[in-house]
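Quick note, the sequences are listed as chains A and B, same order.
The numbers in numbering that gives the first Met the number 0 rise by one with no breaks, and the one at position 328 of the first sequence is 327.
The numbers in numbering that gives the first Met the number 0 rise by one with no breaks, and the one at position 65 of the second sequence is 64.
Derived by calculation from the structure, the hints in this document are not laboratory data.
Model, not experiment: these values are computed from the prediction.
There may be inaccurate statements among the hints.
Same chains, same names: a pair is fine if it fits in one copy or spans any two.
Straight-line Cα separation of at most 25 Å, SDA-like style, residue types lysine to any residue; simulated pairs [unchecked claim]:
1. K276 <-> A77
2. K17 <-> A302
3. K154 <-> G299
4. K276 <-> L99
5. K314 <-> P66
6. K314 <-> G151
7. K63 <-> R315
8. K215 <-> I75
9. K196 <-> P324
Number of protein chains: 2
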Amino acid sequence: MSELITLSLDQVRDLSLKVLTRHGLSDAHARAIAEVITQGQRDECHSHGVYRLLGCVRSVREGKVDPLAEPSLRHISAGVLEVDARYGYSLLAFQSGLPLLAEKARSQGLAAMAIKRCFHFSALWPEVEAIAAEGLVGIAMNPSHSWVAPAGGSKPVFGTNPLAFAWPRPSGQPFVFDFATSAIARGDIELHARQGKAIPEHWAIDAQGQPTTDAKAALQGAMQTFGGHKGSALAAMIELLAGALIGDLTSAESMAFDAGVGAAPCHGELILAFDPKVFLGEDYPQGLARAERLFEAITGQGARLPSQRRFEARKRSIEYGVQIPRALWQDIQALLS
Amino acid sequence: MSELITLSLDQVRDLSLKVLTRHGLSDAHARAIAEVITQGQRDECHSHGVYRLLGCVRSVREGKVDPLAEPSLRHISAGVLEVDARYGYSLLAFQSGLPLLAEKARSQGLAAMAIKRCFHFSALWPEVEAIAAEGLVGIAMNPSHSWVAPAGGSKPVFGTNPLAFAWPRPSGQPFVFDFATSAIARGDIELHARQGKAIPEHWAIDAQGQPTTDAKAALQGAMQTFGGHKGSALAAMIELLAGALIGDLTSAESMAFDAGVGAAPCHGELILAFDPKVFLGEDYPQGLARAERLFEAITGQGARLPSQRRFEARKRSIEYGVQIPRALWQDIQALLS
């Protein structure tokens with residue numbers, strides 16, 4: 000018996016929809032989440048594919064997430080839109096706000112969307128890719144739970160605080176990156192702990208503030224940021240912009256709000272959109288051509304663009320479908336029984 | 000005879016003004032530059048203090064920089080301002096645009112200032128600090144000259160591409176960082192080369208694309224970004240936002256424009272300003288208090304905030320003046336003879 004199950008992308012979407020609606024999510028939430036989970040599985044980001052259904056359902060069962068929350072939009076200024084997720088998942092809030100964010104960016108040149116009070120479990124690249132699909136440049140960031148120590152410190156203050164960026168390309172596939180400002184994803188340390196494997200020294204410190212290669216000690220201590228004091232500065236910037244500036248929780252506050260339940264982190268998210276047509280005016284084609292020359296200077300020397308592996312996986316998945324471990328498939332089926 | 004000369008900040012400013020006007024810079028340019036050079040010396044950023052007068056004068060003598068250029072402002076949209084530096088230095092352009100940038104940020108919530116066709120030799124922290132002094136949150140970035148290879152590559156594409164950020168604090172001293180996305184400043188490699196000292200392995204690669212500890216080989220090869228593929232992604236983002244988006248040169252184009260003269264890099268700069276009063280409305284005091292709690296969580300465990308050393312130096316310099324090497328002082332005096 001094969002250890003892998005092959006599914007088409009439509010099957011992934013249908014399975015996700017079925018699980019989510021079965022566990023009480025409104026049709027609108029279920030569709031928004033199923034779409035992003037399908038995108039994650041399609042791009043072979045396995046930790047952001049159907050695996051997320053398990054955590055998604057758990058967070059609803061724990062009573063933290065409102066599965067029926069209807070996001071509400073508030074026009075704050077000509078350049079700023081607030082979307083109150085009302086303690087539902089973030090993805091429907093993003094989807095609800097995107098058209099108005101794009102409209103503001105097109106009229107002002109740049110605009111911000113502050114999503115507030117959302118539960119967050121997804122990568123940011125689907126969001127900045129959706130902004131790039133509108134022909135806009137997108138930036139997204141959010142705090143998470145305070146697992147990461149500042150440079151020179153030993154106690155956790157920051158979340159894994161991801162930063163994502165997308166630039167629209169004429170080919171349709173944007174230049175896009177999405178990275179945690181922590182040295183590594185928390186899930187990777189958890190995986191090492193489960194497998195009893197050592198972690199590299201720069202990933203984390205133990206509860207005494209000493210560098211450690213013991214994954215379990217790392218989970219009791221604090222993760223490190225990537226890139227030393229520079230990564231630490233970026234992590235702080237994200238707490239400020241996607242926390243303090245928009246009037247929502249920092250990673251430490253989000254952790255306190257969770258109160259040990261272990262649900263998806265609840266916090267805000269800041270999304271920026273720039274319209275290159277406004278910035279460039281009649282020089283728009285030259286601006287896009289200049290960006291293409293930059294990409295060519297990178298790929299022409301054999302270096303990869305960020306997300307290139309993801310786009311290659313996408314092509315394979317669209318043609319051949321995706322494969323998931325049978326054990327995971329069975330865990331998901333159990334959610335339907 | 001002492002090897003160090005002590006000067007008051009007023010003396011630093013006067014000396015700078017005298018040198019700059021003597022070498023043909025307009026009064027407005029000389030004042031803008033002297034102010035920022037004084038700030039650099041005051042904060043003990045020695046490479047951004049009076050030392051810069053030498054390069055500043057050299058770039059004017061080489062005929063690249065227009066010492067009399069008058070920046071012109073163009074309102075692109077409600078959220079976007081363009082300042083054409085007309086091949087003058089960047090600082091007067093920044094100063095000229097700042098009031099309108101602040102006005103746009105206050106009315107739109109966020110705004111962008113694109114400085115174009117400027118020669119650039121200064122740090123970005125004086126600019127984001129000036130934005131924070133307006134009670135706004137500031138971000139600034141620019142390309143430079145293509146000295147830095149993308150992650151996984153061996154040929155230079157990116158500049159040292161600095162990113163700076165400032166958050167206003169009630170105490171008056173903002174939270175501020177300003178770092179190169181290269182592993183290290185190019186000047187540090189030059190200094191090691193002059194002194195015949197080895198450089199750490201992650202700073203650069205040689206012309207064959209191999210990691211090197213030989214500073215001279217590094218200058219013939221390419222610098223590395225900080226933080227591996229994440230730093231490389233940020234460097235690309237800065238080429239795109241502060242180059243392609245605003246219709247100005249990428250670092251490779253700026254290097255070609257210089258044509259081997261070795262003047263200050265000519266390119267554009269992107270500055271963003273956010274008004275927390277617009278984002279937060281009546282929750283403004285709570286938003287600022289939340290930021291202060293974040294800073295306290297960092298400093299309370301003995302970690303430093305970025306720029307803390309600079310602020311300590313500032314305090315000393317305001318009280319006791321600054322010290323510069325006699326040899327440097329003599330080089331500067333020679334510019335007046």
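Checked hints:
For the identical chains of this complex, K276 and A77 are neighbours both inside a copy (18 Å) and across copies (14 Å), given an alpha-carbon limit of 25 Å. Taking identical chains as interchangeable, the C-alpha atoms of K17 and A302 are never at most 25 Å apart, the minima being 41 Å within one chain and 48 Å between chains. Proximity of K154 and G299 under a CA criterion of 25 Å is satisfied inter-copy only: 10 Å between copies versus 43 Å inside one chain copy. Taking identical chains as interchangeable, the C-alpha atoms of K276 and L99 lie at most 25 Å apart whether they share a chain (17 Å) or sit on different chains (21 Å).
Taking the closest pair of Cα atoms, K314 and P66 never come within 25 Å of each other, the shortest separation being 33 Å inside a single copy and 54 Å across copies. In the homo-oligomer, the alpha carbons of K314 and G151 lie at most 25 Å apart only across protomers (23 Å), although the nearest pairing inside one protomer, at 43 Å, exceeds that limit. Taking the closest pair of Cα atoms, K63 and R315 never come within 25 Å of each other, the shortest separation being 37 Å inside a single copy and 52 Å across copies. For a Cα distance limit of 25 Å, the shortest separation of K215 from I75 qualifies neither inside one copy, at 45 Å, nor across copies, at 54 Å.
Proximity of K196 to P324 under the C-alpha cut-off of 25 Å is restricted to the intra-copy arrangement: shortest distance 22 Å within a copy versus 53 Å between copies.
Hint violations for this structure: numbers 2, 5, 7, 8, all remaining hints satisfied.
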